[in-house]
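All chains should be modelled from the sequences, with the hints used to inform the complete structure.
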Amino acid sequence: MEGVEITEDEDDFDIAKVFDLGERLEENDEILLEEARIRGELSEETSLPLAKELGDDLSEYESGEERSDGEGGETGHNDTTGSSPSGTAHKRQPRKGLSPHQKRHAIAVHCTASPQRRKIMGEYIRAFCTIVLAVIKSMVIRWNTVLAELRRALQLRPAFDHWVNTLDTGKTGKGRRVAQKQKRMWALSDREWIITEELVHILEPFEQATLSFSQKGKAQLPHVLPTLFQLHVELDNAHIRLQARYGPSRDPFGLLKAISTGKKKLEKYFEIALKSDLTLAASILHPGMRLRYFEDRLLWGDTMDRGQNLLKKLFESYKLESNKVRSEPPQSSRPRLKQTLSNRLLKLATTSTSTALDDELSRFFGNVYAFQPGTNILQWWKEHEHDFPILSRIARDYLGIPATSVSVECLFSKCKLVMSDYRMMGIETARCLIACEHWLQAGLGVNLPNFVQGDRN
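Here my numbering is used: the first residue of the sequence shown is 1, the next is one more, and so on.
Please keep in mind that the hints were generated in silico from the structure rather than gathered at the bench.
A few of these clues could be false.
[Said to hold, decoys possible] SDA-like, lysine to any residue: derived pairs with alpha carbons at most 25 Å apart:
1. 275 - 313
2. 265 - 313
3. 382 - 275
[Claimed, not checked] Computed beta-carbon distance windows for the label pairs:
4. 320 - 415: 40 to 50 Å
5. 444 - 415: 16 to 26 Å
6. 240 - 305: 27 to 37 Å
Note that CB positions come from ideal geometry on N, CA and C, so glycine has one too.
Rendered as structure tokens:
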């Protein structure tokens, strides 16, 4: 399903920056503020950054819609003989009708384009909807906002339908003609609302994955393979469900094609992740997965054998490094000791301990010290670092690797708040400012005044 082509400006970028990492758009403070305004808990003068003051004029969608007579649905009837606004006739390419998502997005943009429209839409929401919620508009620069827009449109369906049905009310002349064309283009049938529900079901697992990988203080790399695998299963189930509902020869609004494209994309990155030693090692080091997760050879092939050999090699490498650290200092720095029988017995005991270290790997593969679901992986390894001294060092190195570039991209976006186009700042100064901001957000320095006062004493 094609998205609505929109142009993002500086204000749109500012909107995206107010959302915290891992936050659902419906729970954002600005959305909650708008809902409070609709309920009458705030004055109408309260300004909202989520809605630009565009005035009560036609939105950017109307300029193109006035040139098209496309009907809603999967196909449309278009006027290819019309003239341009200047009166010069020229050929136009036939346009298909808007997809259900494009219709909903156009309605969401239209009904929030000015304070007056937002006020009218708020009245419709209070009058026709069972719950008072704010209209949400999707943004191409923000993850999962399309899903939030779809989900919110379903909740506000009576208000959306009433908005479209009354577009031409009280208008005359050209304004009425434009409104009637909008009404035809934006009218959503029951079938289109049903496909919206299907689309929400398809996208929700991806939102859950996004929120999971956006959490802080959590090892993410072990979840890459299970997440990609589960998302592929979800798309398979959606494909089967849609074919059973609409028939194998029908593709409602191109949704089956979109699912197939999504599956190919998942398969591509799944193969890349599966070939990576980093991802595989981190997955096996997950105390709730280990080797047992890859036992099904029909699904995973020789992944279990490959992972076992990989962890053995890492274990031997880390064990050698550990032995070097614990090795004795040079003989010149300490007196030469006589090799008595007691010394030889101690040497044998040391050899026995070294051999016992190999049992560490066997115990881990044997799933000792069961992992309770919901336990923090890093905390589990911290608690069992004495039971698995070498494996815990491997886990510390591998589980700390970020699974995505989310944190880096978020940091890059936040840099714009510090290094604007109108300020000169050195890189080191910007780095210190951003680091201090992260420390303060993490809670470091909450009791700083007391600390400073105590230090003076």
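Earlier hints that do not hold, by number: 2, 3
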